[in-house]
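Could you put the whole structure together from the sequences, leaning on the hints where they help?
As they're listed, the protein sequences go chains E and P.
Per UniProt numbering, the first sequence starts with residue 1, numbered consecutively.
Per UniProt numbering, the second sequence starts with residue 1, numbered consecutively.
In short, the hints are calculated from the structure, not lab data.
It cannot be assumed that every hint is accurate.
All copies of an identical chain are treated as equivalent in the list; a pair is satisfied when it fits inside any one copy or across any two copies.
[What the hints assert, rightly or not] In silico lysine-lysine, DSSO-like type, Cα no more than 27 angstroms apart, as pairs:
1. Lys148 with Lys60
2. Lys36 with Lys60
3. Lys148 with Lys106
4. Lys106 with Lys36
5. Lys148 with Lys33
6. Lys33 with Lys60
7. Lys141 with Lys60
8. Lys60 with Lys37
Protein chains: 2
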Amino acid sequence: MPVELIGQESSNPEAKATDLETYCFNHTMIRCKDPKKSLEFYCSVLGMSHLRTMELSAAKFNLYFLGYRQPGDPENHTGEGNPIASREGLVELTWNYGTENDADFKYHNGNTEPLGFGNISISVDDIDAACARFEDQKVEKLADGTTKNIAVIADPDGYRIE
Amino acid sequence: MPVELIGQESSNPEAKATDLETYCFNHTMIRCKDPKKSLEFYCSVLGMSHLRTMELSAAKFNLYFLGYRQPGDPENHTGEGNPIASREGLVELTWNYGTENDADFKYHNGNTEPLGFGNISISVDDIDAACARFEDQKVEKLADGTTKNIAVIADPDGYRIE
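Listed below in structure tokens is the structure:
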């Protein structure tokens with residue numbers, strides 16, 4: 001790849017112009033074992049919308065993009081192009097085909113050894129009301145956070161949602 | 001906690017009102033070994049701004065919130081309150097004091113066993129120009145993604161940035 005980049009640079013003096021102010025933090029990718037359960041959780045429990053799907057059947061995985069709906073967001077876009085490339089605050093779920101059928105298969109949530117990723121965090125209007133609703137939906141509350149006004153639940157793979 | 005929630009519900013019939021449309025995906029938390037290196041990377045290399053710091057010295061950890069600046073964002077807010085609670089697209093770096101001094105200490109990026117978290121993904125104006133700039137800054141490109149128009153670099157802890 002360095003060769004390609006250097007070549008482009010010398011043949012096109014404009015090639016290196018990139019404006020950091022156009023950058024945005026588009027999404028966070030986590031792997032999910034069973035997309036049915038995860039899509040149900042992120043949409044029905046957390047209230048996100050399913051904005052885009054990429055089916056990469058030759059490589060045996062699908063990608064699902066979810067987020068809190070904003071004006072102009074697509075309804076599960078499946079075609080060419082990426083109409084949500086300029087959005088911030090999306091979750092990308094990667095499903096590798098077949099993991100849902102393996103009873104012993106489990107992803108690592110990053111909060112036991114080896115440590116790494118911690119959680120994704122959702123801001124809500126009222127923490128007590130949100131927790132009461134989660135409880136109604138039989139979502140287990142893992143713990144109250146170390147900081148006040150924070151609660152922690154788990155998604156179907158055990159990833160922490162703060 | 002169930003007791004507290006149930007109590008609140010019975011004493012206040014409004015307690016369970018929560019509006020999912022107010023929810024937003026505020027941030028993704030990953031642990032970092034050395035905040036100096038990570039803040040330098042996320043701000044100078046990726047172009048994010050350092051919006052907030054929470055120093056929890058009694059618990060021996062700090063939290064750093066970073067994101068692409070939007071109108072009204074604070075300049076490294078350190079006081080009470082959370083002026084960025086309604087934002088989407090933030091990174092929260094958790095630094096546990098002392099990890100930076102342990103040469104053997106290393107966080108897990110989720111992409112080797114045990115698998116879990118995959119990456120955070122930044123949208124840029126021009127992928128080739130962005131890569132050329134990263135190369136100028138001596139940031140190693142790990143791989144081109146499996147989808148065209150994607151490249152992958154690593155942050156100082158080895159977390160993948162797509």
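From the Cα coordinates, with 27 angstroms as the cut-off, is the pair Lys148 and Lys106 best called within, between, both, or neither?
Neither, since 31 angstroms and 29 angstroms both go past 27 angstroms.
For Lys36 and Lys60, with the copy left unspecified, which applies at a CA distance of at most 27 angstroms: within, between, both, or neither?
within (16 angstroms within a copy, 40 angstroms between copies)
Please sort Lys60 with Lys37 into within, between, both or neither, judging by C-alpha distance up to 27 angstroms.
within (19 angstroms within a copy, 37 angstroms between copies)
Classify it for me, Lys148 with Lys60: is the Cα-Cα distance of at most 27 angstroms met within a copy, between copies, both or neither?
between (43 angstroms within a copy, 17 angstroms between copies)
Intra- versus inter-subunit Cα pairing at 27 angstroms for Lys33 with Lys60:
within (13 angstroms within a copy, 34 angstroms between copies)
When no copy is specified for Lys141 and Lys60, does a C-alpha distance of 27 angstroms or less occur within a copy, between copies, both, or neither?
Only across copies: Lys141 and Lys60 sit 25 angstroms apart there, 33 angstroms inside one copy, limit 27 angstroms.
Status of Lys33 relative to Lys148 across identical chains (alpha carbons, at most 27 angstroms):
between (32 angstroms within a copy, 25 angstroms between copies)
Checking an output row: Lys106 and Lys36, CA cutoff 27 angstroms. Within, between, both or neither?
within (15 angstroms within a copy, 34 angstroms between copies)
Violated hint for the displayed structure: number 3, the only one.
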